[in-house]
Amino acid sequence: MGMSPRWKEALLLALILPLSFLGWISLDLAEAGALVPGHLVYPLAWTAVFLLAHLVLRFLRPQADPLLLPLAAALTCVGLVMLLRLNMHMARLQLIWLGTGAVLMLLLVALLRDYRSLKNYRYTLAVLGLVLLLSTVFFGREVNGARLWLILGPLRFQPSELAKIFLAIFFAAYLAERKELIAGAGRVVAGVHLPRPRDLGPLLTMWALSLLLLIFQRDLGSSLLFFGIFLAVVYAATGRATFVVAGVVLFLVGATLTFFLFGHVRTRVETWLDPLNPETVNDESYQIAQSLFAFAEGGLSGTGLARGSPNLIPYVETDFIYAAVGEELGLLGATALALLYLVLCGRGLYLALRNEDDFGKLLAVGMTAVLGLQSFIIMAGVTRLMPLTGITLPFVSYGGSSLVSNFLLLGLLLCLSEGGGRLAEND
Amino acid sequence: MQRTIKRLGAFFIVLTMVLVINLSYLQVWGQKSLMENNANTRRLVEEYGIARGRIITSDGLVLAESVPAQGPFAYRRQYHQGSLFSHVLGYDSPRFGRTGVEETYNEQLLGRKPPRSWVEEMTSDVREGNDVYLTLDTEVQAAAAKALGSRKGAVVAVNPKTGAVLAMYSWPTYDPQSLVTPDRDADGTPLAEKAMLNYSRDSSSPLLNRAAAGLYTPGSVFKVVTGSAGLEAGFPVSTAFDCPGVWEVGGSRVTNYGNPPRSFGSIDMKTALTYSVNTYFAQLAVKMGAPALVKYAEAFGLNSLPPLDLPGVSVSRIPPPGGMDAVLLAWSGAGQGEILLTPLQLCLVGCAVANGGRIMAPHLLKEVRKGETILERYDASVWKNPISADSAAEMLEMMVSVVERGTGTEAAISGVTVAGKTGTAEVEGKPPHAWFLGIAPAENPSVVVAVVVENSGGGGGTVAAPIAREVMKAALR
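Heads up: the protein sequence lines correspond to chains A and B, in order. Here our numbering runs 4 ahead of the position in the first sequence, where the first position is 1. Here our numbering runs 486 ahead of the position in the second sequence, where the first position is 1.
Chain A on its own, in the form it takes in the complex:
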């Protein structure tokens, strides 16, 4: 293939950009029976954002990976069209966040000439991440049983969204430095490679931090996500399944403890086991039950945009937007969206494979784990595959903190995609 990365990107964007106009047309026809010219601003603004990003990348990073931006475009397109259908006001705000996120991503790409310099700030980032996380414990506002929000005047900000990126960078830097130390040492007992007790330190620290999050913030989703990201990076770095097994066991122990200690965790588990219980179906398990009904209503091909009733689900614009996709775009649409995330994760891991530098590899793994695990946790939550935890669906859900953070994450992947060389063949 002689085509340069930026021309590949242009070609892919050319395929995806018309989707938003199709979404606008089919939505207006279904809702009003005629096109509302005023709504044209949404696909136009969205197109402008991605064209701008593409043009800037041509100058700043001509060799950056060509798939990332089109994938983000496809995901935000689904999100924007769904929001346009669910809540016009939120769609308008989301457009602003989309622009903000894209500009911040381009700034990051412009300023961070070499991603390796991030290594030098690893402890700063770790401390910043922890401060962000713990800030809500002291200054946070409790919304829906979880302390996730910092409120500064008119701005509401969910610090865990940014913290997960900072901590993922820290994990990558820390483990790139010490992977041999951690993986190499230790004894082999009955064929199982046991780590040295002191190497278990980071694992236990992360475990404790996750539990703290769970206990003080009542944030099941972030707790699971942080621990999952950490395990993914540890596994990639050390290749030691014992860490993963030990980690999963530890998390289950912690989760079981909180199950007995905290009512809201118990409620989540009970509504997961029996969401259609007549006693709770209009109360505690209303949301998950309505989500399941939405998926059922969608069937194979969906009701069509604006023909379902996703507004019956509380918080459908944020945590439950996947249920709206399932209802109105059906199994086909929901599967397509899941596959988009898989392709994005696959690309992230491909970048990790191709990168020649350990930190770069682990950073790519960390960023991919953030995206992959977060999207899986919420998609699995709203479909009752696992207990529901309130986190956003990356690039699709409404939310400023989430969208901006995910664009920054995308920016990091773009930066490190240029730093790599050929795909190293040896292991």
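Not one of these hints is a red herring.
Not the full set, but computed from the structure, chain B residues with beta-carbon under 7 angstroms of chain A: (1) 487; (2) 491; (3) 495; (4) 498; (5) 501; (6) 502; (7) 505; (8) 512; (9) 513; (10) 523; (11) 528; (12) 531.
Some chain A residues flagged as far from chain B (calculated, every beta-carbon gap over 10 angstroms): (13) 108; (14) 215; (15) 266; (16) 322.
Please keep in mind that the hints were generated in silico from the structure rather than gathered at the bench. Ideal placement from N, C-alpha and C gives every residue a C-beta, glycine not left out.
On the provided structure of chain A, position chain B as indicated by the hints.
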């Protein structure tokens, strides 16, 4: 590290596969059970988002229509005619579900039937339902309600040539509007909730459509069936029996009305029907035997469900021939014993007599319209053909005699030949039910009316016949 990264990739692939398998379960295999879950209100939101069609009588009176509503549903039902048509209309409520023609023609009212062309189906949403026109006639219905008044009972009027139901009224009744009203009382309890509670607790069962679901001992009106069966089974009108006031049978007795029971001597079937002589029809039943009586009763529709387009229709019953001894058979001939009839079924018996022996399928639907366009029209069809045209004509003639000089003179209308049969059904421990079956005009019948008044305390001739007269008058105007 390359190997572990690839394994992570495999892990994400597995996660996605599990997700998609679970999605397929939710959206395809498990779809039905989720959609039918009681807590799933999506059906309701969708259905009450459509401006449901109107329900209109054959003469153009709007009985029900949808009006925009506040709250979770875009529309709600509004009923205009109080309790006059309630048992036929039923109600359409997201709280209590549907009954009556609201249930039977739900799909038409929602615009789903008759099916639209696929181009329309692809390009436009159903936002307005179709109008359902009923065969009911406002004046006949009003006459039935007025004549029955505040007496427990029911009236059914049918055009015997088509099976079109002209009136169907049952008292006590209810106001469907009270079950769909959005209003609340001072404590915030929906008034509809209260109304439903009151209706369902009321021991007089106002929600019951006595006309189609009430089962009553028929008494003497059943002699129309016994007589017709006799005509078909080889006992012509001229068949004479000696009819004492009391006839001994199987160690028990069948008695005529009157105190002491009136004796008639040797009479033929016409005289027996005219004066409703129990001992004649008891002997006729015993002579023809239980198998023949049951066979013809079933031919008239007993033991099967009348195909009326209304939910909750009851099956009228006669015991199997093997279950009848001589006493029960003798009493059955006179309409007592274990026979139970709905007013609708009696009306259908009359239809066979009035329509040359054939019962047309009874129906309430006249047509389905969208604006001025007729989308669907009810096609009349024969339900049963219990007796020959000759037998029907002979029975009709005997019934004319009932109204001219027998027990049913109260049903006479000046200038019209009315045929009829009275019934006074004995009920254990309570006053008897008063019945009347009327047909008019006898030369070319256009209406058959069945009336029952529960535990009236009076006879069919005095209590039920005048009601039938008023309804027939309204139908013949």
